[in-house]
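*Asks:* Going by numbering that gives the first Met the number 0, the first residue of the sequence shown is number 0, and it counts up by one from there.
Some clues are possibly wrong.
What the hints assert, rightly or not - For lysine-lysine, the following BS3-like pairs were computed, each having C-alpha atoms within a straight-line distance of at most 30 Å:
(1) K125 x K77
(2) K32 x K112
(3) K101 x K111
(4) K112 x K101
(5) K125 x K56
(6) K125 x K112
(7) K103 x K77
(8) K32 x K56
(9) K103 x K56
(10) K32 x K125
(11) K77 x K111
(12) K77 x K112
(13) K56 x K101
(14) K32 x K77
(15) K56 x K111
(16) K77 x K56
(17) K103 x K32
(18) K32 x K101
(19) K111 x K32
(20) K125 x K103
(21) K112 x K56
(22) K125 x K111
(23) K101 x K125
(24) K101 x K77
Since the hints were made in silico from the structure, they are not lab data.
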Amino acid sequence: MLKQLGLIVLFVLAGCSSNNQLNEIDANNVAGKYFNDDGFGNSTYLILYEDGRYESKHDGFAGISSYSTGVWSNNGNKISFTPESQSGELKLPLLPMAIMEKNKGLLLVPAKKVNLHQQLMTNFGKSTYTYNR
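Produce the complete structure using the sequences and hints provided.
*Replies:* Below you can see the structure in the form of structure tokens.
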């Protein structure tokens with residue numbers, strides 16, 4: 000029994016050091032271009048400008064698209080968005096996003112989806128929630 004418990008602990012520790020593990024980081028130097036493809040025909044392009052402005056374009060299946068511009072702000076390890084102009088079929092504001100680091104690269108993940116994202120990365124090595132730089 001003790002030997003089995005030791006093996007379980009070893010496997011848990013090995014899983015924690017996996018390359019798929021994400022670490023939250025400070026929001027330094029997050030300006031740049033990000034892309035998300037959810038695997039269901041929806042693509043989102045997000046540009047965070049250094050002056051605090053953003054542009055977002057969403058291309059959905061069947062030609063449905065939307066566009067948003069506004070201001071982004073850094074709140075700890077999260078990016079928040081305040082839209083100023085929106086157009087298109089999908090006039091939904093961008094959700095706050097957690098800033099994550101993986102393999103020395105930055106990722107943005109909708110804050111409400113971080114746990115689901117980490118579970119997908121652990122189980123499949125791919126997540127539909129990731130905005131890659």
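*Asks:* Against each hint, give a clear statement of whether it holds in the structure.
*Replies:* Tested hints:
Distance restraint check for K125 and K77: the Cα-Cα separation of roughly 21 Å lies within the 30 Å cut-off, and the hinted pair is therefore satisfied. Proximity of K32 to K112 is assessed by CA-CA distance (about 20 Å); at most 30 Å being required, the pair is judged to hold. For the proposed pair K101 and K111, the alpha carbon gap of about 19 Å is at most 30 Å, so the pair holds. As the CA atoms of K112 and K101 are separated by approximately 16 Å, the hinted pair is consistent with the 30 Å bound.
A threshold of 30 Å between alpha carbons decides the hint, and for K125 with K56 the separation of about 22 Å falls inside it, so the pair holds. Restraint check for K125 and K112: the C-alpha separation of about 14 Å stays at or below 30 Å, so the hint holds. For the suggested pair K103 and K77, the alpha carbons sit about 18 Å apart, so the restraint of at most 30 Å is met. A hinted pair counts as satisfied when its Cα atoms are at most 30 Å apart, and K32 with K56 qualifies at roughly 12 Å.
Of the pairs offered as hints, the one joining K103 and K56 holds, with about 26 Å between alpha carbons and a cut-off of 30 Å not exceeded. Only pairs whose Cα atoms come within 30 Å are accepted, and K32 paired with K125 is accepted, the gap being roughly 20 Å. The hinted pair formed by K77 and K111 meets the criterion: a straight-line CA distance of about 11 Å does not exceed 30 Å. With a C-alpha separation of about 13 Å, the suggested pair K77 and K112 falls inside the 30 Å cut-off, and the hint holds.
The straight-line distance between the Cα atoms of K56 and K101 is roughly 24 Å, inside the 30 Å bound, and the hint therefore holds. The hinted pair formed by K32 and K77 meets the criterion: a straight-line CA distance of about 17 Å does not exceed 30 Å. Only pairs whose Cα atoms come within 30 Å are accepted, and K56 paired with K111 is accepted, the gap being roughly 21 Å. Straight-line distance between C-alpha atoms of K77 and K56 comes to about 20 Å, which keeps the hinted pair within the 30 Å bound.
Of the pairs offered as hints, the one joining K103 and K32 holds, with about 16 Å between alpha carbons and a cut-off of 30 Å not exceeded. A threshold of 30 Å between alpha carbons decides the hint, and for K32 with K101 the separation of about 16 Å falls inside it, so the pair holds. In summary, the hint linking K111 to K32 is supported, as the alpha carbons are separated by about 21 Å, within the 30 Å threshold. For the hint pairing K125 with K103, the CA-to-CA distance comes to about 17 Å; that is within 30 Å, so the pair holds.
Pair hint K112 plus K56 holds up; C-alpha atoms about 20 Å apart against a cutoff of 30 Å. Simply put, K125 and K111 have alpha-carbon atoms about 17 Å apart, close enough for the 30 Å limit, and the pair holds. Restraint check: the Cα-Cα separation between K101 and K125 comes to about 12 Å, which is no more than 30 Å; the hinted pair holds. Of the supplied pair hints, the one linking K101 and K77 holds, its CA atoms being roughly 16 Å apart against a limit of 30 Å.
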